[in-house]
Amino acid sequence: MKTSPSKHASPLTVTLAFATIYLVWGSTYFFIQMGMEDLPPFILGAFRFLLGSVLLFCWCFARGEKIWHVPGILRSIIAGILLVACGNGGVVLGEQTLPSAVVAILWSAQPLVLVLIDRPNWKANFRSPLTLGGLATGFAGVGLLFGEQLSQAAAGGSLSDGLPGMLFVAGGTVAFSIGSVYSKRYPANLTATAGVSWQMLSAMLLFMLAALISGDAARFKWHAVSTSSWLAVAYLAVFGSVLAFSAFMWLLKVRSAAQVSTYAYVNPVVAILLGVFFAAEEISWLQLGGLVLILLSVLAINISGSRRARTAG
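Position 95, counted from 1, in the sequence shown is what UniProt numbering calls 95; the numbers after and before it change by one each time, with no gaps.
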């Protein structure tokens, strides 16, 4: 079953949704690290998705949205396990042993993994030079963006001890890609908000279970958590989960999975620019070249998606 982009989505709404996942998810690497200064990884995830699910369910009740639809709930739970629990869990676990730059580079392979997994759209994707060229260019751009930091990490030996983290992130990209294709092919027949509510709830329960099994729950001390870590949890829940993830799931309904996955290329750009503007970090000519390649890749993939939508229409 192939899915085609919806023709009923407002261009302005689509633009705002893309801006949300580009900008907000680009900032979450920093806030995940801030939260993990005092919170064990699984506890951080449990609190984040507990708060996110509560806020989303309250929103659904206030708007009178349908949330009790058993087939939709089951599909949302499956998507939540793949996208939220395994996808986000891979990033959180990876950042325990890897620099954020390495995590960003590994995660930027997610669009490539998605295209390989999205078998029903192989014909359209692999026959499109713009899509293939855009994916390859985006990955190369991320490599340039973080090439210097990656070299420094390798020279310092931080990569040699990071194999488990790399495997966690790689597993997360595969799970997130499978979840994206699953959500596209098997919609939950719920509003984006209601579907994400159940996804967050299922992820929260899995993070709590993992915290109990791993010992994170036993090591957690309420009094040892700083205000900055709690603020990081609040930011990740409200902006990273409620706003950005709802926008992501809605975009999967109205745009191709390849187009939506361009967030993985733009997020590192946002992370770099945040460092330049708010932390007085310097940006090199090599990084500027990476930024240009990434922007060109996103443009190519979106042009390809727009042409495909016009052809389908």
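Hint data in this document are derived by calculation from the structure and do not stem from the laboratory.
It should be emphasised that the depicted structure is a prediction, and the values quoted were computed from it without experimental measurement.
C-beta atoms are modelled at their ideal positions from N, C-alpha and C, and glycine is treated no differently.
Please note that a few of the clues may not be correct.
Claimed, not checked - So the derived label-pair ranges between C-beta atoms look like this:
{"no.": "1", "residue 1": "G215", "residue 2": "L163", "range": "35 to 45 Å"}
{"no.": "2", "residue 1": "A136", "residue 2": "S214", "range": "50 to 60 Å"}
{"no.": "3", "residue 1": "L163", "residue 2": "F61", "range": "42 to 52 Å"}
{"no.": "4", "residue 1": "K66", "residue 2": "E148", "range": "46 to 56 Å"}
{"no.": "5", "residue 1": "K66", "residue 2": "A136", "range": "11 to 21 Å"}
{"no.": "6", "residue 1": "A217", "residue 2": "F277", "range": "21 to 31 Å"}
{"no.": "7", "residue 1": "R219", "residue 2": "P71", "range": "33 to 43 Å"}
{"no.": "8", "residue 1": "E37", "residue 2": "A218", "range": "35 to 45 Å"}
{"no.": "9", "residue 1": "F61", "residue 2": "G143", "range": "42 to 52 Å"}
{"no.": "10", "residue 1": "S214", "residue 2": "A234", "range": "22 to 32 Å"}
{"no.": "11", "residue 1": "S10", "residue 2": "L163", "range": "25 to 35 Å"}
{"no.": "12", "residue 1": "V292", "residue 2": "L16", "range": "18 to 28 Å"}
Now for the hints, and whether the structure bears them out:
1. G215 to L163: 35 to 45 Å: violated (22 Å)
2. A136 to S214: 50 to 60 Å: Between A136 and S214, where Cβ atoms are some 38 Å apart, the hint is violated.
3. L163 to F61: 42 to 52 Å: holds (45 Å)
4. K66 to E148: 46 to 56 Å: Check passed, 50 Å falls within 46 to 56 Å.
5. K66 to A136: 11 to 21 Å: violated (42 Å)
6. A217 to F277: 21 to 31 Å: violated (38 Å)
7. R219 to P71: 33 to 43 Å: holds (39 Å)
8. E37 to A218: 35 to 45 Å: For A218 against E37, whose Cβ atoms are near 19 Å apart, the range 35 to 45 Å is violated.
9. F61 to G143: 42 to 52 Å: holds (46 Å)
10. S214 to A234: 22 to 32 Å: holds (24 Å)
11. S10 to L163: 25 to 35 Å: violated (46 Å)
12. V292 to L16: 18 to 28 Å: Given range 18 to 28 Å: holds, Cβ gap about 25 Å.
In summary, the numbered hints that this structure violates are 1, 2, 5, 6, 8 and 11.
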